[in-house]
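Q: Model the placement of chain B on the given structure of chain A, informed by the hints.
Residue numbers (my numbering), protein chains in the order written: chain A, 42 to 408; chain B, 648 to 986.
In short, the hints are calculated from the structure, not lab data. In this text the structure is predicted, and so the values were computed from the model without any measurement. Possibly wrong hints are sitting among the right ones.
Pairs of lysine to aspartate or glutamate residues, derived as EDC-like cross-links and limited to a Cα-Cα distance of at most 16 angstroms, are as follows [claimed, not checked]:
| id | chain 1 | residue 1 | chain 2 | residue 2 |
| --- | --- | --- | --- | --- |
| 1 | B | K734 | B | E709 |
| 2 | A | K205 | B | D981 |
| 3 | B | K689 | A | E241 |
| 4 | B | K734 | A | E241 |
| 5 | A | K205 | B | D809 |
| 6 | B | K715 | A | E365 |
So the derived list for chain B, only partly shown, Cβ under 7 angstroms to chain A, looks like this [stated by the list, open to error]:
| id | residue |
| --- | --- |
| 7 | F745 |
| 8 | N774 |
| 9 | T980 |
Yeah, the Cβ is synthetic: ideal placement off N, Cα and C, and Gly gets one too.
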Amino acid sequence: MKRDTRLAWINGLLLPLLNVLTAFAATAVLFLLIGVNPLEAAETLLYGAFGYSEGIGYTFYYTTNFIFTGLAVAVAFHAGLFNIGGEGQAYIGGLGAGLAVFMLFPELSPWLMIPASVLGAMLFGGAWASVPGYLQAYRGSHIVITTIMFNFLAATLMVYLLVKVLREPGQMTPQTVLFPDNAWLPFVHDILPAFGLEMERSPLNLSILLAVFMCFLVWFFLWHTRLGYAIRVTGLNPHAAVYGGINQKKIIVVAMCISGALAGLVGINELIGYHHRIIMNFHLGYGFGGIAVALMGRNHPFGIVIAALLFGTLYQGGAELAFEWSNISRDIVVVMQGLVILFCGALEYMYKPTLIRWLAPVQEVRS
Amino acid sequence: MKNTLISKTIKGVSLAIATSALSLSAMAADIKPAVVYSDAGKFDKSFSEAVWNNGVKRFMDETGIEVKEAEPTNLAQVEQYLKRLAKRGHSPIVAVGFSQTNAVLAAAQEYPDTQFTLLDGWAPEPNVQNVGFKEHEGSFLVGVLAAMKSESGVLGFVGGMDIPLISAFGCGYEQGAKYQNADIKVIQNMTGSTPAAFGNPSKGAELTRSQMESGADVIFAAAGGTGTGVYQAAADAGKYAIGVDSNQNHLHPGTMLTSMVKRVGEATYLSYTSAMEDNWQAGPVTLGLAEGGVDWALDEHNRPLITSQMEARVNDIKAKIIAGDIVVHDYRTDNACTY
Numbered sequence: 042m043k044r045d046t047r048l049a050w051i052n053g054l055l056l057p058l059l060n061v062l063t064a065f066a067a068t069a070v071l072f073l074l075i076g077v078n079p080l081e082a083a084e085t086l087l088y089g090a091f092g093y094s095e096g097i098g099y100t101f102y103y104t105t106n107f108i109f110t111g112l113a114v115a116v117a118f119h120a121g122l123f124n125i126g127g128e129g130q131a132y133i134g135g136l137g138a139g140l141a142v143f144m145l146f147p148e149l150s151p152w153l154m155i156p157a158s159v160l161g162a163m164l165f166g167g168a169w170a171s172v173p174g175y176l177q178a179y180r181g182s183h184i185v186i187t188t189i190m191f192n193f194l195a196a197t198l199m200v201y202l203l204v205k206v207l208r209e210p211g212q213m214t215p216q217t218v219l220f221p222d223n224a225w226l227p228f229v230h231d232i233l234p235a236f237g238l239e240m241e242r243s244p245l246n247l248s249i250l251l252a253v254f255m256c257f258l259v260w261f262f263l264w265h266t267r268l269g270y271a272i273r274v275t276g277l278n279p280h281a282a283v284y285g286g287i288n289q290k291k292i293i294v295v296a297m298c299i300s301g302a303l304a305g306l307v308g309i310n311e312l313i314g315y316h317h318r319i320i321m322n323f324h325l326g327y328g329f330g331g332i333a334v335a336l337m338g339r340n341h342p343f344g345i346v347i348a349a350l351l352f353g354t355l356y357q358g359g360a361e362l363a364f365e366w367s368n369i370s371r372d373i374v375v376v377m378q379g380l381v382i383l384f385c386g387a388l389e390y391m392y393k394p395t396l397i398r399w400l401a402p403v404q405e406v407r408s
Numbered sequence: 648m649k650n651t652l653i654s655k656t657i658k659g660v661s662l663a664i665a666t667s668a669l670s671l672s673a674m675a676a677d678i679k680p681a682v683v684y685s686d687a688g689k690f691d692k693s694f695s696e697a698v699w700n701n702g703v704k705r706f707m708d709e710t711g712i713e714v715k716e717a718e719p720t721n722l723a724q725v726e727q728y729l730k731r732l733a734k735r736g737h738s739p740i741v742a743v744g745f746s747q748t749n750a751v752l753a754a755a756q757e758y759p760d761t762q763f764t765l766l767d768g769w770a771p772e773p774n775v776q777n778v779g780f781k782e783h784e785g786s787f788l789v790g791v792l793a794a795m796k797s798e799s800g801v802l803g804f805v806g807g808m809d810i811p812l813i814s815a816f817g818c819g820y821e822q823g824a825k826y827q828n829a830d831i832k833v834i835q836n837m838t839g840s841t842p843a844a845f846g847n848p849s850k851g852a853e854l855t856r857s858q859m860e861s862g863a864d865v866i867f868a869a870a871g872g873t874g875t876g877v878y879q880a881a882a883d884a885g886k887y888a889i890g891v892d893s894n895q896n897h898l899h900p901g902t903m904l905t906s907m908v909k910r911v912g913e914a915t916y917l918s919y920t921s922a923m924e925d926n927w928q929a930g931p932v933t934l935g936l937a938e939g940g941v942d943w944a945l946d947e948h949n950r951p952l953i954t955s956q957m958e959a960r961v962n963d964i965k966a967k968i969i970a971g972d973i974v975v976h977d978y979r980t981d982n983a984c985t986y
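Just chain A, same shape as in the assembly (with noise of 0.2 angstroms):
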């Protein structure tokens, strides 16, 4: 008993821990070898992502996308799913969630055009990943394979239908026309001067409040209803699920709408927060950082919520850090944070045996 609970603690906490600290380790060994003092970079990133109310907003406005498709790779995971179609799902979402705002009554009051634009990103996003889902169920073709492909159609999709249907009369972009004003989430620092505060124009909006409320929903869901934990055995051992007398081609398929769902509630925040049209690209990067997301949270909604927030602030720290020094690059950014995934993701057991040969040594002679 007692070494499951340390085990628990080096698993959960510790060793992802351990994993980041490694990653800035090399990450300022390379800032080293280009000229760089990694103490004052590193000033720069943190002044950037907090330091200023823009830089807060920016860093959660990333954040939210993270915490979406780092639940969405969660849910597929406790399947056994690996979802990486998270691009392809967030792109229909926002579809989904543009076509609802267009086919609804311009008129129609915004409490009632918010709600319709998220359930037609989550039912388009939950849709597109339904497909892979009962590929896999029920024919046997690998989701890994499947879902990338699916991010491929997509983006095809896309194209066509913003270049030769939904494209804005007379404009060049491949966009469609603003939505009318009862479709735009409210921007934070919109709303924070009723509460007496001020902060700086920033995209961050009130997806946020509906990411968190996300992440209670996914906790909830998978820990306390039949379902979620229909999906846990499924993933956990797919062998007592049939026993248990789980329908696992079922489960399979509703884990990854589910996770698409999720995943199509970037085009929330991107599109109804944010851009206010049907724009190209818009999801391009968070569908596969939602994979490290979740890997490095451990597929639990709270350590989702931690590595999101670590990657939001990666983002917008980073754009600062090539924005203020001349000798760093975007493409020094983008090794930072692949450097953060590789030892959070690819290498995060390697301080595993070590840990547990010092902390925890007694249980082994035990066992």
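A: This is chain B only, laid out in the frame that chain A set:
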């Protein structure tokens, strides 16, 4: 400890800003120019690099004025950078590429006293100069050259991302080729439907090889960084290729027939110099053959490939387009290649 570091950094940064500001005011009219590159990156061997080479770098070398550069990785960053630059008093700010349109709109509304120059996009604000290019005219010319050079009667076109802008290149090319030889066949392929299609040389080479298998012997690439794969594949097979945006004739002398140059760098340079001379103007600026905004490239690298007959013919057609005797259809006006 931490505080001293922070203040040290801030001091360092403000010192850097102060010194750069000093060197500005030492030079002519006090402008603080800036540029935000496209999200394909500054060194894409093509579009953004032309802005750097022929615009930003040239301006810095000639005037000694520092141009603040920013390389965004996503769309939210584009707006962030544009606003940040405006906030710090930079003007004019050149925004590279159509994908920055919305960001320029937002930034221009928030900073009405800042001059923005948008390349390839359309942001109708009183403080935005919208620079557009008649890519179809330049593509028409290289189409004529390709049709004259082709022995098989089949031409190839490899586009980058499947968007109207790129189709305009392909459509102009096809019109030029058909104008020269009504029976000629033009095979057109797009590399993809994401921005990655502008940076995928191996896919470009693959498309080129399949076009050559179908008989194409001159291939025009309008695909940014993807083009390098197209030129390599053509050179390997001993067929001809046509470059784009920058003058790319030097890449494979002997097989690079010509390049359809789009003078984005010059547009950038002009934007800065006109601001220095205080005659920068907002509104639409369309640069076609007449304005020298697009052209075909002839230099020592492709001189042996262009016969005097070809040169005379293409220059004659160029004059006719400028005079309005030949009207090249722009794909973007009706989303169709009808002519």
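Q: Against this structure, judge whether each hint is valid.
A: Hint by hint, here is what the structure shows:
At roughly 26 angstroms between alpha-carbon atoms, K734(B) and E709(B) are farther apart than 16 angstroms, so this suggested pair is violated. The hinted pair formed by K205(A) and D981(B) meets the criterion: a straight-line CA distance of about 11 angstroms does not exceed 16 angstroms. With a C-alpha separation of about 29 angstroms, the suggested pair K689(B) and E241(A) falls outside the 16 angstroms cut-off, and the hint is violated. This hinted pair checks out: K734(B) and E241(A) have alpha carbons roughly 12 angstroms apart, not beyond 16 angstroms.
Note on K205(A) and D809(B): the hinted pairing holds, with a Cα-Cα distance of about 11 angstroms set against a maximum of 16 angstroms. A threshold of 16 angstroms between alpha carbons decides the hint, and for K715(B) with E365(A) the separation of about 10 angstroms falls inside it, so the pair holds. The criterion of a C-beta within 7 angstroms of any C-beta in chain A is met by F745(B), whose closest approach is roughly 5 angstroms, and the hint holds. Below 7 angstroms, beta-carbon pairs count as interface contacts, and N774(B) has none with chain A, the closest being about 18 angstroms; its hint is therefore violated.
Contact between T980(B) and chain A, as hinted, is not supported at the beta carbon level, the nearest pair being about 10 angstroms apart and thus beyond 7 angstroms.
Checked against the numbered hints above, the structure violates hints 1, 3, 8 and 9; every other hint is satisfied.
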